[in-house]
Every structure is written in structure tokens, then in C-alpha cells.
Amino acid sequence: MLLATLAGGISLGFLYGLVALTLILLVRTTGVLNFAAAEVGMLCAFVAFAALTQFHLPVLVAVAVTLVFSGLLGAAVYCGIVLIRPADPLTLSLRTLGLLLIVNSVAYKIWGANSPYTFPRILPEGVVTISGFNVGYVQLLVIAFAIVIALAVWVLTERTRLGLLLRAVSSDREAAADLGVPVVSVDLMAWCMATVVACCVGILVAHLFFLAPDMMAPILLAGFAAAQLGDMQSARVALIAGVVLGIIQSASSVYFNQPELSQILSFLVLTVGLIIRGRFRGRVIST
Amino acid sequence: MTPGYPMQRRHLLTAAAALACGLTLASAAPAHAQSEPGVTATSIKLGMSAGITGPIAFASRQFSSYMQKYFDKVNAAGGVNGRKIELVVIDDGGKGDVALQNAQRLLQQERVFAITTIGTATTAGILDYLTRQNVPLLFPGAYNTELVNPTRPNTFALFQAYEGQIAAVTRWVYGKKGVGSAVIVRANPPSFDLAAKSAAATVEASGGKVLATLNTSYNQPEWASIVIRLKELKPDYIIVMTTASDMGRMWKEIAQQGAAPPKGIIGISPLADQAFLDTAGGPVPDDMIYAAVPATVVPTSPEAKDARDLSPGETMGLFGLEGAASGAVIVEALRRLGADVTRAKLTALLHDKFEPFKTSFMDTVKSSPDHLMVQSVGVATVKSGAFVAATTEFVK
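Protein chains in written order, with my numbering: chain A, 2 to 288; chain B, 91 to 486.
Treat the hints as calculated values from the structure; they're not laboratory data.
Heads up, the beta-carbon is just placed ideally off N, CA and C, and yes, glycines get one too.
Any given hint could turn out to be false.
Claimed, not checked - Below are the BS3-like pairs computed for lysine-lysine, each with C-alpha atoms no more than 30 Å apart in a straight line:
hint, chain 1, residue 1, chain 2, residue 2
1, B, 324, A, 110
2, A, 110, B, 135
3, B, 456, B, 443
4, B, 185, A, 110
5, B, 395, B, 299
6, B, 135, B, 174
7, B, 324, B, 185
Unchecked claim - Partial list, derived from the structure: chain A residues whose beta carbon lies under 10 Å from chain B:
hint, residue
8, 70
9, 90
10, 92
11, 260
What the hints assert, rightly or not - Below, a sample of chain B positions facing chain A; criterion: calculated Cβ distance under 10 Å:
hint, residue
12, 142
13, 145
14, 238
15, 240
16, 305
17, 319
18, 339
19, 370
With the hints as extra help, turn the sequences into a complete structure.
Below, the structure written as C-alpha cells:
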């Protein structure tokens with residue numbers, strides 16, 4: 002049972018890590034903590050759902066249409082809450098909180114009535130047995146996608162010219178602009194990329210669990226905790242933190258039989274992690 | 091001023107007083123009924139608080155729309171004793187506090203004659219208020235034990251509470267498929283406390299053993315941790331009580347982990363809803379599922395044709411059938427009241443004078459001291475991917 006719990010927790014934890022990565026991607030590139038990232042992912046999952054079930058588009062076309070939509074949505078969000086009245090990252094982060102509420106309310110209004118929905122099976126069905134626990138192909142895809150995104154974030158920000166520009170804009174917009182960096186274009190690119198990643202996460206969550214306006218709520222909290230433990234900067238640490246959280250939650254559900262504990266544990270892990278990290282940092286500084 | 095004027099004024103005043111008395115008497119006579127809130131010479135207004143949005147939206151929409159369609163059919167045929175039934179539905183989002191606000195609005199602003207609801211948790215939110223106001227609460231689509239325990243003078247139920255449902259269906263399945271061990275999987279709201287106890291007591295009384303009770307939450311995203319425990323415990327039966335879609339997701343994980351119990355899964359009425367099969371995604375083996383269907387027949391059975399015909403283009407789920415059933419009993423009760431429709435007479439009729447009433451799609455309805463007017467449940471199972479009746483009889 003222990004090994005099965007570990008396997009189940011790891012597959013869940015990578016999902017948390019993936020949500021953390023969508024947050025980190027934008028923080029690292031623009032300094033903005035996008036509280037609405039998960040809700041935007043949910044919105045995109047509904048668009049994919051409509052493309053598949055109402056317009057009966059082929060799977061690849063539906064996914065492509067949704068990804069294009071998400072890119073445009075990212076651009077629209079950037080124009081609507083950033084470009085319209087530029088501000089410091091904290092103010093912009095608070096604006097995304099407003100966006101979260103708007104997206105959530107709109108989704109409830111349009112799709113709340115008949116939710117939760119079952120997302121069409123667009124990925125291959127099947128399982129791989131690990132320690133007596135059957136991990137579905139979709140869960141394996143989540144793990145692979147999370148690792149790819151973590152690597153992509155690292156490569157993009159550390160090893161490409163675009164990443165250099167993104168970091169420059171994130172560090173000091175005015176100085177970057179003075180040096181000829183096209184700030185608006187760089188920001189726009191970052192928002193579009195982050196929204197496309199959020200879209201993929203939304204579709205994967207809907208595929209794994211169910212599609213509903215509130216489907217991201219329990220995952221967002223754990224993802225946020227993982228991202229915080231990664232200092233909103235380190236994709237690697239966030240991914241590891243996500244996996245640790247997944248294992249702890251899975252173990253708490255299996256051994257303590259208390260589903261409510263999983264949310265409390267997210268906060269607990271976050272708090273303890275931040276305290277330990279703060280002390281560690283304090284020691285490094287004093288040394 | 092002319093000499094005759096005072097005389098004329100006296101005549102005028104007398105005539106006015108006579109007219110006023112006449113009007114008062116005229117308005118009072120026919121209309122003992124018209125003074126009753128929500129009742130006019132041509133209509134009877136009923137109110138419903140329903141979770142049209144939120145976690146029980148699917149059930150609420152079906153329940154309210156099929157009740158409305160039943161009333162539409164009755165109204166099209168001339169109404170009840172010449173009065174049309176008007177149903178005012180207000181969304182509560184599946185929240186108890188909003189349901190309470192809705193109930194207040196229905197009584198104070200809409201001035202409805204009686205109220206019905208859909209939703210176990212939301213109905214719990216308004217029970218005490220309606221009891222204090224002494225307003226009839228008629229046949230809600232809810233499975234609270236508080237509806238009938240203790241008996242409330244104004245409240246009448248049609249559907250067994252969860253504890254009665256699970257006891258009846260567990261007893262029947264144990265009789266049919268044999269005694270065995272069981273794991274109870276329940277959602278955490280307190281409305282399932284009694285049901286979990288009832289299931290455990292029934293298993294023990296039948297000679298079986300409860301291996302564990304596993305707690306889950308509503309809209310639980312991941313079910314792997316529950317199924318890991320199920321694989322470890324290896325029960326003969328799983329007894330499940332949560333929403334239809336949660337049970338569907340549980341089955342999906344059970345299928346993925348190869349953890350299906352050898353004797354079957356027993357559940358409360360949401361397990362018999364189409365949403366379970368829709369969420370389960372893959373095939374559910376024949377004779378794996380046994381679900382309680384309180385008061386009514388299985389929605390797909392031939393006996394439910396009259397209810398299905400209310401909306402021919404739509405797939406009627408269990409809650410749609412329950413809405414039609416509640417509507418049918420409300421209509422019958424109002425019909426038996428005759429022209430004089432008052433809350434006091436309605437509650438007196440339902441309390442101990444409602445003689446057996448039978449339609450094709452539900453068991454016999456009649457007055458009962460505890461105000462639960464149908465004491466039995468049907469049993470649904472899945473065969474060839476669709477719900478069918480596991481037995482033609484209602485079980486207790």
C-alpha cells in the first residue's frame with residue numbers, strides 16, 4: 002500500500018508542480034503573480050470542450066483552435082489589465098485577482114448549471130502498473146509535460162536571447178526600454194506563453210478529473226504552495242515541492258482517511274517550508 | 091346651502107355605507123379561499139427553491155423542469171378545480187443560506203401558497219423557517235431525515251431519507267447476492283452521518299462485516315487514494331453515498347485500478363442517475379451496481395412512459411421522474427381539496443386523510459403518521475450500459 006500511495010502521490014504531485022510552473026513562468030518573466038492563471042486554464046478547457054462536443058471538430062483541430070484562442074486570450078488579458086494602465090507588479094498581481102473573480106463568475110454563469118462535465122477522451126486510454134498502482138497514460142503525460150515545461154522555462158529564461166530580454170524587462174523595465182528592449186512586445190510574448198501553458202494545464206486537469214468552473218480550486222492552492230516553496234523563481238524546486246505535496250496529501254487520505262486534511266496540509270507544508278527557507282537564508286546571510 | 095342638501099348628504103352617506111358593506115360581504119363570501127396567500131379564483135401559486143446553478147444543478151434542473159411540465163399538462167387540461175398552477179422557481183445555487191433567503195422571498199414577496207425544494211442540504215436550511223411560518227413544504231426532492239424525524243405539522247415527504255434508502259437496498263442485495271464484507275465510502279456532509287450508520291447496522295444485522303468507512307468530499311478530484319484503500323481491504327461490497335458524478339469518478343478509478351468488488355456496489359439514489367454513467371466514462375459491468383430509487387420506478391422502465399412523455403425529446407433522469415412524481419401528488423392533493431384551498435385544509439388532508447393514490451411511475455402514496463407518504467424504494471441496476479429495474483417490486 003505504501004508504494005501504491007507513493008505512486009499515486011507522485012502522479013498527483015506533478016500536476017501541482019505543473020500548476021506551480023504556470024505561475025512561475027510569468028513571475029520570472031514579468032514579475033506578476035497571475036492569480037487568474039488556473040481560471041484562464043479552466044476557461045480554455047471549456048473552449049476545447051465546446052470545440053469537441055458542440056462544433057464536433059477533430060481532436061487535433063480542436064486542440065489547435067484552443068491553443069490559438071489561449072494565445073489571443075493572453076494578449077487580450079495583457080492589453081486589458083497591463084497595457085491599458087501600466088503599474089508595478091504588485092498592483093498588476095492584484096488586478097489578476099479581479100480577473101480570477103470575473104472569469105470564475107462568467108464560467109459559472111455560462112457553464113455552472115450542468116457542471117461538472119466529463120471531458121471527452123482525447124488522449125489514449127491505458128495504464129502502466131507501478132508497485133501495484135495503475136498509472137494512466139494521461140497521468141504519465143502530465144508528468145512528462147511538467148518536466149518538459151520545467152526544462153523549457155529554464156532554457157527559455159537562461160539560455161535564449163528572448164529569455165535575456167524577459168529577465169531584463171522583469172528586473173528593470175525603464176532601464177531595459179532605455180537600452181532598446183521592445184518592452185511591450187516582450188511582455189506580450191510572456192503573457193501569451195504563460196496563457197498557452199495554463200491552457201494545456203486546464204485541458205489536462207479536465208481530462209484527468211472533470212470539467213467545472215471550480216475544478217482548479219483545490220489544485221491551485223497546492224500549486225501556489227509549491228511555487229512559493231520555489232521562491233516563485235525555481236521551476237526545479239517548485240516541481241519537487243509539488244511532488245512532495247502530492248505524496249503527503251495522498252498519504253494523508255490513505256492513512257488518515259480525512260480528505261479535508263489535504264488542503265490544510267498544503268498550507269502547513271507552505272508555512273513550514275517558508276520558515277525553514279527563511280532560517281536557512283538568514284544563516285547564509287549571517288555567514 | 092340649500093335646505094335639501096343635508097338630506098341629500100345623508101342619503102349619499104347611507105348609500106355609500108351600504109355599498110361598502112355590500113362590497114365587504116361580497117368579497118368575503120366567495121373567498122375564504124382568495125384570502126389565502128397565493129390562491130385566487132383562477133390560480134394557485136407555488137414556490138420552489140432549487141440549485142439551478144452549483145453542485146446539484148443537474149438534479150435541480152431536471153426536478154424543477156419535470157414538475158413544471160407536469161403542471162403545464164394539468165393546466166392545459168383546465169387546471170385543478172378550475173385553477174391553474176403557477177410555479178415560481180428561484181435559484182439557490184445549492185446553498186442553504188440562499189435557500190433560506192429564497193423561502194423568505196417566496197413567502198413575503200411572491201406570497202406563494204406552499205413551497206417545495208430540491209436538494210438535501212438546501213432543504214435542511216429552510217425546514218425550521220417553514221415550520222415556524224406553518225407553510226406547507228410539499229414533497230421536496232430531498233432525502234433528509236429531518237423532513238420526517240421529528241414529524242413536522244407542515245412538512246410532507248415522498249422520498250425515503252438516505253438512511254432508509256441504503257438500509258432497504260442493502261438488505262435486498264444481501265438477500266439476493268449473499269452476505270459479505272463491505273466498505274462504506276461516504277461524502278463528508280453531515281447529511282450522510284445517519285446513512286453511514288444505517289448502512290453499517292444493516293450489514294451487521296445481515297451477518298456481514300464492515301471493514302472500514304472511507305471519507306470523501308463533494309467533487310473530490312482524485313480518487314486514487316480511496317481506491318488504494320479499497321484494493322487493500324478487498325471488500326465483497328462497496329456501499330457508496332455521495333453525488334452521482336463523484337460515484338462515476340470513483341468507478342472510473344476502480345476500473346483503472348482493477349479494484350471492482352466481487353459482489354457489487356450498493357448506493358443511494360444518485361447512483362441511479364444517468365450522471366453516474368456519463369461520468370464513469372467506460373463500461374460498467376452488468377449486475378455491478380445496485381441503487382435505491384425512492385418512491386418511483388426506474389426512469390427507463392416502461393412504467394415511467396407517462397413521465398418521459400412530458401418532454402419527449404429529453405433524456406429523463408431520476409430527478410426528472412421525482413419532479414414529475416412530486417408534481418403529480420401535489421396536483422392530486424389540491425384536486426382532493428376541492429374549491430376551498432387553504433393551508434390548514436391541505437395539511438389536515440395530507441396528515442391522515444389522503445387515501446391511497448397510485449400512478450404508473452410510483453408506488454402507492456398515502457397518509458402516514460410520520461408524513462413520509464411512500465415508505466418503499468425500487469432498486470436499479472445497470473445492464474448493457476443502461477439503468478434497468480433490478481426487481482419489479484418495491485422493497486422496504
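Hints, one by one, checked against the model:
1. Simply put, residue 324 of chain B and residue 110 of chain A have alpha-carbon atoms about 43 Å apart, too far for the 30 Å limit, and the pair is violated.
2. Under the criterion of a C-alpha separation no larger than 30 Å, the hint pairing residue 110 of chain A with residue 135 of chain B is consistent with the structure, at around 28 Å.
3. The straight-line distance between the Cα atoms of residue 456 of chain B and residue 443 of chain B is roughly 8 Å, inside the 30 Å bound, and the hint therefore holds.
4. Proximity of residue 185 of chain B to residue 110 of chain A is assessed by CA-CA distance (about 16 Å); at most 30 Å being required, the pair is judged to hold.
5. As the CA atoms of residue 395 of chain B and residue 299 of chain B are separated by approximately 40 Å, the hinted pair breaks the 30 Å bound.
6. Distance restraint check for residue 135 of chain B and residue 174 of chain B: the Cα-Cα separation of roughly 8 Å lies within the 30 Å cut-off, and the hinted pair is therefore satisfied.
7. Between the alpha carbons of residue 324 of chain B and residue 185 of chain B the distance comes to roughly 37 Å, so the proposed pair goes past 30 Å and is violated.
8. A cut of 10 Å between beta carbons decides the hint on residue 70 of chain A: the least distance to chain B is about 24 Å, and the hint is violated.
9. Below 10 Å, beta-carbon pairs count as interface contacts, and residue 90 of chain A has none with chain B, the closest being about 31 Å; its hint is therefore violated.
10. For residue 92 of chain A, the interface hint is violated, since its Cβ never comes within 10 Å of a Cβ in chain B; the closest pair sits about 32 Å apart.
11. A cut of 10 Å between beta carbons decides the hint on residue 260 of chain A: the least distance to chain B is about 4 Å, and the hint holds.
12. The interface hint given for residue 142 of chain B holds, since its Cβ lies 6 Å from the closest Cβ of chain A, which is under the 10 Å cut-off.
13. Taking 10 Å as the C-beta contact cut-off toward chain A, the hint placing residue 145 of chain B at the interface holds, the least distance being around 8 Å.
14. Checking residue 238 of chain B against chain A: minimum C-beta separation of about 30 Å lies over 10 Å; hint violated.
15. The beta carbon of residue 240 of chain B comes no nearer than 31 Å to any beta carbon in chain A, farther than 10 Å, and the hint placing it at the interface is violated.
16. Checking residue 305 of chain B against chain A: minimum C-beta separation of about 5 Å stays under 10 Å; hint holds.
17. Interface restraint check for residue 319 of chain B: the shortest CB-CB distance to chain A comes to about 6 Å, inside 10 Å, so the restraint holds.
18. Among the interface hints, the one on residue 339 of chain B holds; its C-beta lies about 7 Å from the nearest C-beta in chain A, closer than the 10 Å criterion.
19. A distance limit of 10 Å between C-beta atoms decides the matter here; for residue 370 of chain B the minimum to chain A is near 9 Å, and the interface restraint holds.
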